[in-house]
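Going line by line, the protein sequences match chains A and B.
Residue numbers for the first sequence follow the working numbering, beginning at 1 and rising by one.
Residue numbers for the second sequence follow the working numbering, beginning at 1001 and rising by one.
These are computed hints drawn from the structure, not numbers from a lab.
Among the hints, erroneous ones may be present.
Claimed, not checked - Not everything, but these chain A residues come out facing chain B in the computed CB check (under 8 Å):
| id | residue |
| --- | --- |
| 1 | Gly72 |
| 2 | Lys443 |
| 3 | Gln585 |
| 4 | Thr586 |
| 5 | Gly587 |
| 6 | Gln588 |
| 7 | Ala593 |
| 8 | Leu598 |
Claimed, not checked - Derived DEER-like restraints, expressed as beta-carbon distance ranges:
| id | chain 1 | residue 1 | chain 2 | residue 2 | range |
| --- | --- | --- | --- | --- | --- |
| 9 | B | Leu1069 | A | Phe609 | 46 to 56 Å |
| 10 | B | His1011 | A | Val597 | 21 to 31 Å |
| 11 | B | His1011 | A | Arg575 | 49 to 59 Å |
| 12 | A | Phe569 | B | Asp1098 | 19 to 29 Å |
| 13 | B | His1011 | A | Ile606 | 22 to 32 Å |
| 14 | A | Leu580 | B | His1011 | 39 to 49 Å |
| 15 | A | Ile574 | B | Ala1076 | 37 to 47 Å |
| 16 | B | Ile1034 | A | Phe609 | 29 to 39 Å |
| 17 | A | Ser610 | B | Glu1041 | 52 to 62 Å |
| 18 | A | Phe609 | B | Arg1031 | 27 to 37 Å |
| 19 | A | Gln583 | B | Asp1096 | 39 to 49 Å |
| 20 | B | Leu1069 | A | Arg575 | 25 to 35 Å |
| 21 | B | Asp1096 | A | Leu580 | 24 to 34 Å |
| 22 | A | Ala607 | B | Glu1041 | 33 to 43 Å |
Small disclaimer: the values here were computed from a predicted structure and weren't measured.
The beta-carbon is built from N, C-alpha and C at its ideal position, and this holds for glycine as well.
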Amino acid sequence: MADYIYLIPLLPLIGFLLLFATLGKLPKALVAVVGVGSVASSAVLVLLTSVEFLTLREPLSNTLYTWINVGGFSPLVSFYVDGLTLTMLSVITGVGLLIHIYSSLFMLDDKDYSRFFSYMNLFVSAMLVLVLADNLLLLFVGWEGVGLCSYLLVGFWHEDSANGAAARKAFIVTRVGDTAMAIGMFLLFVHLGTLDFAPMTAAAISQWPEGSPTLTIACLLLLGGAVGKSAQLPLQIWLPDAMAGPTPVSALIHAATMVTAGVYLIARTHEIFLLSPFALNTVATVGAATLLMAAFTAITQHDIKRILAYSTISQIGYMFLALGVGAWASSIFHLMTHAFFKALLFLAAGAVIYSLHHEHNIFKMGGLRKKLPVAFWSFLIGSAALAALPFTSGFYSKDAILLAAYENAWQGPLLWAIGLLGALLTSIYSFRLVFIVFFGEVKTEPSQPAGWLMAAPLLVLCLLALVGGFIVIPVMDVFPAATGPAHDGLIAIITPAVPIIGVAIAYLIFLSHSVDISTWTNSKMGKTLNRFWFSHWAMDWFYDTFIVKPYAWMANVNRMDIVDWCYNFTADVIRLLHELTIQSQTGQLRTYAGVMVLGLATIVAIALFSGGGTAP
Amino acid sequence: MNEAVVIPMEHGLLLAAILFLIGLLGVLVRRNIILILMSLEIMLNACGLAFIVAGAHWGIADGQIMFMLILSIAAAEVSVGLGLLLQVHRRFGSLDIDQASRMRG
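Same shape as in the complex, but just chain B (with noise of 0.2 Å):
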């Protein structure tokens, strides 16, 4: 086995965790309903590949068969949140998030 391939675990989940804090920055600060919806998949992303990672390291198939869950769950999610984005295109007018905000107070 050439030792130079194997790329160190903590490169791997460094790269989740820049992922997911990019995919938080995205739900945070974006407005538009669709970007919120692609930033949740970058952090869904990013929990995937930490599966993963951490699955290549000990050697074993759970990190994977975790990440075909979370790419199941995803897919739901994504549907479900197209939908409510339809929803909210014809209540509002508008994409913008911060529109739907009448159950204040």
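Okay, chain A solo, but in the shape it has when bound (with noise of 0.2 Å):
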């Protein structure tokens, strides 16, 4: 029936190791077939599951085999699939498919053609895993593969010693989120003694009475890997550094799927969090504090790529802040219409920066709107997609978002306004990327536009990014349903009309010049606060100095490493015992036979005069 479910994580993995393998000795078409069509067929796989799940309509499992069995703690390897798994599903093969073929002409004059391909295999194996897993240690170690996915992608051009640093950057950094996420794991076998995610929500709810403290732990430390893997509030700083691998990796991984993890695992694990509001509270403040932090940050920015990653921050952000409100299903739909529209910005940031020679400087391009049209209109898409403008996919996910944190009875209208400001500023700096970068006079001139493996691709996103809205996710099965949306009149007419304002300013200012800000950032007080909005609210500046220079320091008092030289003492101890009893051995044979009978001697004079004798 559903047995063929394991074969869809399986496929990207053959074909990761068959690129692994040969080491890079493939002729690159062949390369790009294998890479390629092993996504491609495990997206047919997905097809077939999606008519299957949609007729039966029942979730589908798929055990292979019993992992460990010890104690008591016995962790299947199993597929589950449900309408969210399908969903995520759909996006990483689907968005997945369409980032490979664009790949396959993108980095095509890259000496390591098969090896990127090879990570981006093992990438979306380990991502399927993640979403297929039907207990909380398989998903972890889909997690940690995705982990090693992106370390071993954005060092991809490792020959720069900055990239290796970034790489180096996001591995540690996510690294402190999965340790709090395996602590909350150990805590939830302990006391619910499964991880299996039906019997270990079961479990909870007949266990933990509502906001009992362990739960909550728990929670918060799920949470604490969830915030690592999706960059939020505070461990969000490797993100935007991340963006030093190929731009179709941060398309791919730090855009459309890795990223938007951590909302899966909060989402597979909403019926837990339900039981602690606290936690859920914990959720949407950072969702609302990291959306609206990485907006602002995301206005200073002139690195085409550090502002698509900070507005991915404060995407997810979004999603986080659905959560946290209860609302599973707009947050899941805000995934799967951010997949598509920042999947396509990345992938148009690609195609211009392909055709500038690597020129990331916004301010250095301009006027590109007539000689990469392909390019141009997926931006102007997928931006009226990310600022929310009615009628793109985003307009309907950000809309449900914000319509439910109005409702949310904790805090409500306080979120909904940080969300309306947050989709203000979106909506600004998205179209100030535009402007400046299609608009205007030409200040760089374009070559090698891109072919048509690039622009392909580019377009079916468009049309998802347009029309995306429309599909409608199968999850109603999976999350309680909402309760009546009854919002206020005026409420429903303010949200969609927010983002229609940010492009006006930003037309206003960037494009016509007809409002001069100049005045405004040359002050002090505006070039003090771009400068901090523009350092991501201090925020690296704030870990250099209380962590990473702190430690710096105590690793270089202790060079010499002090348990080490504990153990060292011992051996320099018994080295010198052996330097001094060393001399004895002088191999003369009389030296020894003096002090033979010296020894002799002494020990018949103590047995003499000590009186001891008692000779017969």
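Quick one: dock chain against chain with the hints and give me the complex.
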């Protein structure tokens, strides 16, 4: 029936093994066939699974074997497909396939073409395991797998040591979150005795009253893992640096799939989170704070990819906000539409960068509207969806989130206002990008326009970003039904109007230049604020000063390793004794004889004079 | 019995001790292996003398039996010692015991 589900993650894994084992000796055309083909076949299998799921209307599962069996702990290697998983599967294989097709041209000139595709395939495989797993432990395997691939791909151009540093930063910062998540898993296992999602949830509901401290701690630890992976406050600092990787990597891993794993984790364990209002409020607070911080930062950036990175952080903030206010389906919906339009934006940015010989600074671009029409229209549609202009995909998802936030019992209007301010900033920074890069005078002449292999995925994603809002995701059976939306007439009008105001502001400032903000930005306060936002609220400075530097100082002090020194001390004492006693070994027979006599005489003398001699 | 003939045990033991010390001194001072072996023989015989003196004093035969034993041990020791002596001479080209000091330190 559903026995083929295991093939979905297995095929990309085989692709990885093939490309990895041949060590880049395959011709590039064959590499592309293997790399893209493995993901394409997975996508076909996902399509088959969707058909089966939508006809049967019940979750599918596929148990392979018992992974470990020790002392009542027996996690299975077992895959489970419900509406939530299916949505994720479609996004991963669908967007993943488009990005793989795009990269087959984008990376063509790279000498490590095969290595790139092997890592990408491994990533897709790990990500599929993550969403297919029916227990937390198997999910964690995929979770760490995508972390590894993120590290490998951020540092893909490792000849430049700055890229290596960015990769290490991404790896170490997410590891902090993963440690919290692992501890959370241990806590859940100790108290509930299982890590399988369904029994675990049932046990949690029967065992813990609402708001029990242990439960809240477990939820917060899981949230720790989620904020690390999804680049939320306070662990969001790694994502902008992760832009050091190739652009398709940023599109696939750092926009569409991996960074949304945290959202998926909380959505998957939402029944446990529902038992702890405090944890849910924390999720909402984290989301709201992050989305606002990242939006302010995005406005001041001038690297095209960093603007998109901060916008990703901000949009995932919206997803967390939605999770926190219990709008589970809206969160997953936004996850999907975000995957469409952000992958589109990244790939379009990649096309611009490709044509401008790796130019990232938006102020050195301009007037590209006529020269790169495909990139322009992609960017325009992507930005419209990102800004949530009416009738684009982002509009439906963001609107649902903001309305749900307003209805929330805890601080609803405040969360709504923050989200609304974020939406205003989003539309300003996304259209600032469009106006600066594609309008105005030409500053750098583009060359080598992207081929059809790069244009085709852009067109498909354009379509998805436009009409993705009409897709109905099959998650009604997974999440509790939302309470009847009884929004205020005024709220329902203000919410969609704000992005349009933002676009108008961006137009006035950055295109028609009819509003001059230079006097303000050149004032002392404007400059300070600009620098503060540009450095992402001095987060990097904070971590550098309070964690990295003290740690480096301690490492420097402990250069000789104090613990090691204790062991070395023992060895040194023994060596010293050895040096002393070695002097007695002269090799002179007569000396030995003399010493023997002396010793014997001493013993006899002691025996005689101690009075112990009791001769018969 | 004529008492003047009896030698006091102390005299015998003193003689044995003097002999032993002469032998020991020879072992410690001499470098020639042959002379060391000879000194060892003197030490062994000093021991034998002490046994016989003690046996005579108490009038039992054990002292003489022990001397027999010492004699045979001495014979064995000399044969082994002479064998080693030949090897030392072959290896080092001399009979100087101080030459055979490679196992120091």
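### Query
Between A/Leu580 and B/His1011, does the beta-carbon spacing fit 39 to 49 Å?
The hint (39 to 49 Å, Cβ to Cβ) holds, given that A/Leu580 and B/His1011 are roughly 47 Å apart.
### C-beta pair A/Phe569, B/Asp1098: status relative to the range 19 to 29 Å that was hinted
Distance hint for A/Phe569, B/Asp1098 is violated at roughly 39 Å.
### Restraint outcome when A/Gly587 is required to lie within 8 Å of chain B by C-beta distance
holds, 3 Å
### Message
Given a hint of 21 to 31 Å, does the C-beta separation of B/His1011 and A/Val597 actually sit inside it?
### Response
holds, 24 Å
### Query
How does the Cβ-Cβ distance of A/Ile574 and B/Ala1076 compare with 37 to 47 Å: does it lie in that range?
holds, 41 Å
### Task
Take a look at whether the Cβ-Cβ distance between A/Ala607 and B/Glu1041 falls inside 33 to 43 Å.
violated, 27 Å
### Task
Indicate whether the distance between the beta carbons of B/His1011 and A/Ile606 respects the range 22 to 32 Å.
With a Cβ separation near 28 Å, B/His1011 and A/Ile606 satisfy 22 to 32 Å, so the hint holds.
### Message
Just to be sure I understand the hint, the distance between the Cβ atoms of A/Gln583 and B/Asp1096 should be within 39 to 49 Å; is that true here?
### Response
At roughly 23 Å between Cβ atoms, B/Asp1096 and A/Gln583 fall outside 39 to 49 Å, so the hint is violated.
### Query
Is it true that the C-beta distance of B/Leu1069 to A/Arg575 lies inside 25 to 35 Å, as the hint says?
Because 47 Å falls outside the window, the suggested range is violated.
### Query
If you take the shortest Cβ to Cβ gap from A/Ala593 to chain B, is it below 8 Å?
holds, 6 Å
#### Entry: Hint check, A/Gly72 versus chain B [nearest Cβ-Cβ separation less than 8 Å]
violated, 61 Å
### Query
Does the Cβ-Cβ separation between B/Ile1034 and A/Phe609 fall within 29 to 39 Å?
holds, 38 Å
The structure fails to meet hints 1, 2, 8, 9, 12, 17, 19, 20 and 22 from the earlier list, while all remaining hints are met.
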